[in-house]
Each structure stands twice: as C-alpha cells, then as structure tokens.
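One letter stands for each residue in the lines below.
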Amino acid sequence: MNDLTAPNKAAEILPQKPPETGMFISLGPQHPSTHGVLRVAITADGEMVTSAQPDIGYLHRATEKLAEKRTYPQIIVLTDRLDYLAAMTNNWAYCLAVEKMMSTPIPERADYLRIIVGELQRIASHCVFLGTYGIDIGAYTPFLVAFGRERERILDLFEEICGARLTYNYIRIGGVMADAPDGWEAKVRDFVKEMWGHLKEYDTLLTYNPIFMDRTKNIGTMTSEMAIAWGVTGPNLRATGFKADVRKDDAYSLYPKMQFDIPVGKQGDCWERYWVRVQEMRESLKMIDQALDQIKPGETMAKLPKYFRVPAGEGYGHLEAPRGDLGFYIISDGTPSPYRMHIRPPSFINLQALQQLLKGWKVADVIAILGSIDIVLGEVDR
Amino acid sequence: MTSAELLAAVQAKFPDVVEIPKTAGQVRGDELYLAVAPAKIAEVCRFIRLDPSLSFDFLSFLTSIDWKTHFEVVYYFVSTLHHHKLVFKVKVDDRINPEIPSVTPIWPAADWQEREVFDLMGIRFSGHYNMRRILLPDDWEGFPLRKDYVAKPDRYD
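Here the protein sequences come in this chain order: A and B.
So for the first sequence, the working numbering puts the first residue at 93; every next one is plus one.
So for the second sequence, the working numbering puts the first residue at 85; every next one is plus one.
To be clear, the hints were calculated from the coordinates, so they are not data collected in a lab.
Treat the hints with caution; some may be incorrect.
Claimed, not checked - From the derived model, a few chain A residues whose C-beta atoms are all more than 12 Å from chain B:
no., residue
1, Thr113
2, Val220
3, Trp276
4, Glu293
5, Ile311
6, Gln382
7, Gly452
8, Lys454
To be verified - When the alpha-carbon atoms are kept at most 20 Å apart in a straight line, the in silico SDA-like pairs for lysine to any residue are as follows:
no., chain 1, residue 1, chain 2, residue 2
9, B, Lys175, B, Ile149
10, A, Lys161, B, Pro237
11, A, Lys161, B, Gly226
12, A, Lys340, B, Glu115
13, B, Lys231, A, Ala154
14, A, Lys279, A, Leu377
15, B, Lys173, A, Ala404
16, A, Lys192, B, Pro105
17, B, Lys152, A, Gly426
18, B, Lys152, A, Leu158
19, A, Lys192, A, Met393
20, B, Lys169, B, Thr86
21, A, Lys161, B, Tyr240
For clarity, every value in this text was computed on a predicted model and none was experimentally measured.
Each residue gets a CB set at the ideal place from its N, CA and C atoms; glycine is no exception.
Excised from the complex, chain B in its bound form (with noise of 0.2 Å):
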C-alpha cells in the first residue's frame, strides 16, 4: 500500500489519528507517520495488526524522546506480507506519572523494548507483565535519557 491508502485504511476505522507532515527542509525516510492518542494506541495497534489489508506483524523499534515539555512515543511497524511501513507517534503530557498502554499482548517484540524505556525514560506501560529495570541495577534513582537528568558523581569522576 501507498502512504496515502494506509492513511485512508487507518483513518476510516479512527478518524481522530492524523497525519505528522513533514517540517520544511527536513529529510526523512518514505515512511507514513501518524500521531496516535495515549489512550487509543492499544486498540489502534490491535486493527493495523488484525486487519488483513494492512497486517503489521513486525515490530521493529519502540523508543522515546524527552521533549521537555513532553514524552513522546515511537514505533515503528513493518508489514512482512505486504512490505510497507508505519511509524506511530504517541504524546504523553504527564510529566510527572506517564503512563500508555502495553503493546507487548500484541507484538512480544515489544516486552523488552518497554521496559527499556521505562528503565531508562521512565515512563510506564501499563498491562505489561513485567514492568521492571531491565538495564540498570533494581536500585537506581532516576531515569538517566529525561534531559534534566543530572548524574550523580561516583568515584570514577
């Protein structure tokens, strides 16, 4: 499928999911980027899996970004059957206790990769099995990728 028929494919079924156009000068891939609300992103990703049409069965990356003001999300699919791909973008306001739905029921590709980011971002995804520090020690404070992250000298500095 072209961009513009997932688009159309993904718009149908929920119209609030938009377009992320393009910024002038920037150079990106070919690939469609939808920004998707916090709250719907589970059943969203449910349909581009399920629906044969579209059938997203590859997950390939989940990462987050501190904005600052905000978190956002990004995941970026690839359909094996049919060849193309989708990048979902989720913004999460809530600073202080983000928190977005699992995705791991969906695609256990993403049972580390969550938990990755909220080892190192902090941010929670809930109805995970296993929501825990995957790369740093149980016992850390803090979440070492937010920008206003300040390091806590040890004794190697």
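Just chain A, with the same shape it has in the complex (with noise of 0.2 Å):
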C-alpha cells in the first residue's frame, strides 16, 4: 500500500480517449444485466475490451438538494431510497452523522437492534446479490432459492419490527422507531439457525459449481493498489486481500463487543468478489446469534426533544454498507434542516473502477465482471 510509484501508476491507468477503430458496443440502458438503468459505452478490438465507459445520470433523483430543503427526521425517508436493497444501512449512516454532531448517547437496546436489523440487510442484500448474478451467468435456481425464500423470510421479519418490505425508516435520530414485538427474537434465533443450513445448500448449488467457477473465476482480476487508488471499498476491495472493515477500522455503535473475522480473497477476481459475500453472510450470522445473546429489555429510544436542531458545524459519520464504504457529510447551520448533506456512495465510486476493470477482457466476461461488481443504481444516481 506505500507503494511510492502508484501515483505516476495512477496517471497511466486513467481512461484515454476511445480509439477510433474497432466496434462500439453499448450495452444498456434497458439490459436485464445491468440491475437498472446503467449504460456502458464499450469498444471492442476482435473480442478483446479496448475501453469501457460507463454513462449514468438516469436515476438521478438530486438527494442532496432535496435534503436542504427538509428537517432532519424528514431525511430519512431520502435515504431509504437510495440503495433501495440496504435501506437500513442508509437510515443507519445518516443517523449516525446526525447523532455524532448532536453527541447524542443511543441506548443500548436500540443499539443492539440496529446490528440485528443491519446485519439481516446485509444478509438480505447479499441474497439479492446470489441470485442477480446467478441469472447474469446463467445459473437461474440461486435466484428462487437466494431471493424468492431466504430474502423473503427476511423481509417478513423487517415487516414485524417495523411495517415496511422495503423503504424501512426504522432506524431515527437516537435510537429506533418502535421496540422488537414479542417473540421477534425467537424467530430471528430460528431464521439464523435455518441459514446455516442455506448457505451450505449455496455452495453446492453455486459457488462450488464448475461451470460458475469457470465463468467466473481469474476473471477480472483487481490487485489491492488499483481498488485503493480508485477508492473501492466492501467486498470488492476485501476480495482483493485487503482486509478492510469500517466495522473493525472505525468501528462504531457496539462491534468492538462482536468477535467476528474479515472474508478476505487473495486475486481480487470474480469468483472471490462472490466468495467474500457469501462467507460475509456467515459472520453476519454468527454477529446477530451474538446480538441475540447480549441484548437486554429498555429503551429503544434516546430521550430527544420533539423539534429539536443540530448545533451549527460539520460531521462526517459513515458505517460498513453491504456495498462498502457509506458516509454522509452534513454541514449544519443551527436552522431545522442542513445547509448542505453530501452523500460518500460505495456504489458510485465502486463502479468508476469498471473503467478500467473491463479493460483486456473479452466480451463475454463484460457481464461477469459488471455483476460481480454489485452496484445499485438507485445509489450511483442518487
């Protein structure tokens, strides 16, 4: 990583301009491999990837400008449509920053419920994940078994604790919206158990099948330097052999109790970046069995006044997202909504590196590389 050189590496390795032979291939937006509207601008020398281009813009919602117009607990529900598969984790990063600028003490049982709840999404979404990129190599059972079951049993349980399938608004500024209902826990205890159970059908099915390894594996290779020069971060950085954790590295809420391991590949290339999010779905589990054990009855809710304002200044508060790195930066001004909210995406800055990811590759690995990517367009446009 002190890599002295890497800069002048840095200055080689961005994008030239397209070269004017070859064919131009665009792939998108309307593509069932692209998880959106995502468009690549690809030329191709023969079959080889000479350049690749990514154009988004089409899901641009202008977030952050919507955020100044908006009070603080009315943020929120924005995040909630940002990565609409991790809609927890975004409540939860924003909460963070607000609660980090407020000094705001969360008690411990809300805590507690938000790993539980954040580390169900994380399983959730790297369900999502399993059978999307299932059906992009052509693999169409982990889709009905990853997304149609497991992630289904999820969703249940988040619409018990809090009534919504999707955009949750769960977590709030000191705590979380309402307290688990009873018996909650026991069918998390019971859920946990029965995925273990799933992930090894998992393995059979997909990750040990050799037609997915050979689809699937040298391919796309990413060494450490390029990720941390192109500022990747979640699996695709782990699956390089970095270990790299916001949750270890600037750990936040209540993980420094978690024993837990960082996943970590060795070449960085598809089948790891696959590999780090199944094993990632094993700590999870093993972190909310730890939850489970250690939460105790209280408040979920830290005492708050009802219309209350964020001291004047700037905080930055940022959490491990299914999708890597999530920040948001707020700059207050002492009035009821933020003067400016910016918004550090993972998905964003995790799909600039495709620029140079495709590069030298075949055509038909394109897909392959794009899918094992994992990116929502809903937090590229934002």
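Each of the two chains sits in its own frame; use the hints to bring them together as a complex.
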C-alpha cells in the first residue's frame, strides 16, 4: 500500500480517449444484466474490450438538494431510496452522522436492535446479489432460492418490526422507531439456525459449481493497489486480499463487543468477490447470534425534544454498508434543515473502477465483471 | 500519527497551510481539518500521497459547498497504512468562473467525484482528462447545488 510509484501508475491507468477503430457496443440502458438503468459504452478490438465508459444519471433524483429543504428527521425517508436493497444501513449511516453532531447517547437496546437489523439487511442484500449474479451467469435456481426464499424471510421479519418491506424508515435519530414485538427475537434465532443450512446449499448450487467457476475464476482480477487508488471499498476491496472493514477500522455502535472475522480473497477475481460475500453472510449470522445473546430489555429511543436543532458545524458519519463504506457529510447552520448534505456512495465510487477493470477482458466476460461489482443504480445516481 | 504530528509534518513543507479550529459548541470528529490555498492543492496532495510517514493513499470522498460568497471544496483522506485521517478545505473565491487543479492524476478515485462537483456545483477542475457532466444531461442549464439556482418548472410541477 505504500508503493510510492503508485501515483504515476494512477496517471497511466486513467482511461484515454476511446480508439477510433474497432467495434462499438452500447450495453444498456435497458438490459437485464445492468441491474437498473446503466449504459456502458464499450469499444472492442475483435473479442477484446479496449475501453469502457459507464454512462450514468438515468435515475438521478437530486437527493442532496432535496435534503436542504427538509428537517433532519424527514431526510431519513430520502436515504431509504438511495440503496434500496439495503435501506436499513442507509438510515443508520445518516443517523450516525446526525447523532455524532448532536453527541446523543443511544440506548443499549436500540444499538443491539440496529446491529441485528443491519446484519439481517446485509444478508438480504447479499442474497439479491447471489440470485441476480447467478442469473447473469446463466444459473436460474439460486435466484429462486436466495432471492425468493431467504430474502423473503428477512423481509417478513422486517415487516413485523417496522411495517415495511423495502423502505423501512426504522432507524431514527436517537434510537429506533419501535421495540421488537413479542417473539420476534425467537423468530430471528430460528431464521439464523435455518440460514446456516441454506448457506451450505448455496455452496453446492453455485459457489463450487464447475460451470460457474469457469465463468468467474481468474476473470476481472483487481489488485489491492488498484482498488485503493480507485477508492473501491467493501467486499470488492476485501476480495483483493486487503483487510479493511469500517466495523473494525473505525468501529461504531457496539461492534467492538462483537467477535467476527473479515473474510478476504487473494487475487480479487469475480469468483472471490462472490465468495467474500457468501463468507460475510456467515459472519453476519455469527454477529446476530451474539447480539441476540447480549440484548436486554430497555429503552429504544433517546430522550430528544420533538423539534430539535443540530448545533452549527459539520460532521461525517460512515459505516460498513453491504456495498462498502457509506458516509454522510453534513453541514449544519443551526436551522432545522442541513445547509448541505453530501453522501459518499459506495456503489458510485466502486463503479468508476469499471473503466479500468473491463479493459483487456473478453466481451463475454463483461457481464460477469459488471455483475460482480454489485451496484445499485439508486445509489449510483442518487 | 496524531493530529498535532500530522499538522507539523504538513506545515514543515508548506508553512501557509493552516489548521481550521473547531468553533464553539461544535461537535465534529477527531479528524484534522486544514485550509489549503487553491493554487497549492495539487502540490500539497502529491506531497501527502508520496511522503512515507503520511502516505494518504485513499481519497474517501470529495465534495463542495456553496457559502453564497465563495465555494469550498472538501477532501477527506485516509491512510490505509497508518490509519490516520485528514480533511482539506479549499476556498474558491471566484464565483463567475471557479476553477482549481484536479487531483485525479494522484488518486483516480477523484475522477467521477470531480465530475460530479462540476456537474452539480459548477467548479471546474483543470487538468482533469474528461471534465463534462456526469449525472445531468449534457445540455442542462445551471448548477443545481448552488444556493442561487432557480429550478425551472417542468410539466410535473
């Protein structure tokens, strides 16, 4: 990481003008494998990709501008709509930033509930990745299993705790919206027990499936230096063999009390990016179990006035979302709404590495590489 | 390195870089905030990236603020080697034609983030290889995140 020649390399790896010759392929914006509305302008020399330029912005909703007109609690619903596959962690990241600026202490039970729903959300989000990545590669069954069965179970649990299945607005400034209903914790425990078996099933269905491995092993490799230079975070960075996780490096909430490992890959190819996510689901299950062991009855919301103001100043709160390092940088001028709010979106920053990542690989590998980055266009375009 | 050591290391090379102290009543993280002159930013960034004791190899995010009288560009750096953090703030006074040097040749991570700042705030980054709009259509008029931006009503309003 302290490779001092890296900046010069960085200048070299920046994409140059697309070559005049060769074939031009426009992938998307409506394509089943782009997971939303994303267009990638690709030039190819024969079967080899010579340049790739993602074209984004189809889903831009000006979240940062909208936030300037709303009060602090009203912004939580906007964060739901960024990474809509992991709305819980979005709520949480935003609340972390605001709580940091107000120095609000969070009740212990609320923190444990946040860890439980946050880790369940990570599993649900990785289940979507598993299912859709399988479809990208040509395996249909994992979609029915991971997306249609396990993720539904988690959404049922979320529906029971907060009433919503996709945009939760559950984690609030100072705590959580409501305590878990009676018997909810036992249901989560049942799910965790069941999920360990399902993970073994995924290994036989997809992880060690020879056809899947042929399509993804040694494809789209990324070095740690390259990932760090492009600002890549989350499972994509860990797959390169670099141990980095906000939950350990810049611990928030009660994560210092949790025992868990950071799974890392070796060479950062598509298969390892997939494998790291499956391992992360195992670590999440461990953490949910520990949180359920340690959680005690108590308050779930800090004592905050109904209309509060955030002291003038600035603050940055970030956490490990399923797709990487998600952060909120907020500037307050003491009025009920923020003066400026900036989102550090992991998907947006991970996606820009695609410009270099696709270069030199076959056209047939483009979908495998694009799918393995695991982007959500709602977060890319904001 | 602690904040005081970081400040000393940067100031030894660039004496005109000053610390931005916390204002009264403000709660902000333990990061060190430094004010850097716009003309110097590329040079200072190259130094903090290359210096072995600093080695800020990770540009976490880059953003901009419109303070009505001037713009401010904010850089948030992390060193994955030493695990220390640093925030740079660059004041851009020219509101008509704001421009500062790009850091994309040092961190490719700045590539799209600088384009986003240009797209929404209208600050140009000189030396960027591909300075054009990224989220909005190419023919969009104005820069929406500026405080004096007036949204044109469309057929949905």
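Now the hints, each set against the structure:
1. Thr113: The claim holds: Thr113 of chain A sits with its nearest Cβ about 20 Å from chain B, beyond 12 Å.
2. Val220: Consistent with the label, Val220 of chain A stays out of reach of chain B, its closest Cβ about 24 Å off (over 12 Å).
3. Trp276: For Trp276 of chain A, whose nearest Cβ neighbour in chain B is about 34 Å away, the distance exceeds 12 Å, so it holds.
4. Glu293: Glu293 of chain A clear of chain B: closest Cβ-Cβ about 36 Å, beyond 12 Å.
5. Ile311: Label holds. Min Cβ-Cβ 22 Å, cutoff 12 Å.
6. Gln382: holds (25 Å)
7. Gly452: holds (16 Å)
8. Lys454: holds (24 Å)
9. B:Lys175 - B:Ile149: With Cα atoms ~10 Å apart, Lys175 of chain B and Ile149 of chain B stay inside 20 Å; holds.
10. A:Lys161 - B:Pro237: Holds. Lys161 of chain A to Pro237 of chain B sits at ~17 Å (cutoff 20 Å).
11. A:Lys161 - B:Gly226: holds (19 Å)
12. A:Lys340 - B:Glu115: Between Lys340 of chain A and Glu115 of chain B the Cα gap is close to 18 Å, so the pair holds against 20 Å.
13. B:Lys231 - A:Ala154: Satisfied, since the Cα-Cα distance of roughly 14 Å is no more than 20 Å.
14. A:Lys279 - A:Leu377: The hint holds at about 14 Å.
15. B:Lys173 - A:Ala404: holds (17 Å)
16. A:Lys192 - B:Pro105: holds (18 Å)
17. B:Lys152 - A:Gly426: Given pair Lys152 of chain B, Gly426 of chain A holds - Cα atoms ~17 Å apart, limit 20 Å.
18. B:Lys152 - A:Leu158: holds (18 Å)
19. A:Lys192 - A:Met393: Satisfied, since the Cα-Cα distance of roughly 16 Å is no more than 20 Å.
20. B:Lys169 - B:Thr86: Status holds; Cα separation ~9 Å.
21. A:Lys161 - B:Tyr240: Status holds; Cα separation ~19 Å.
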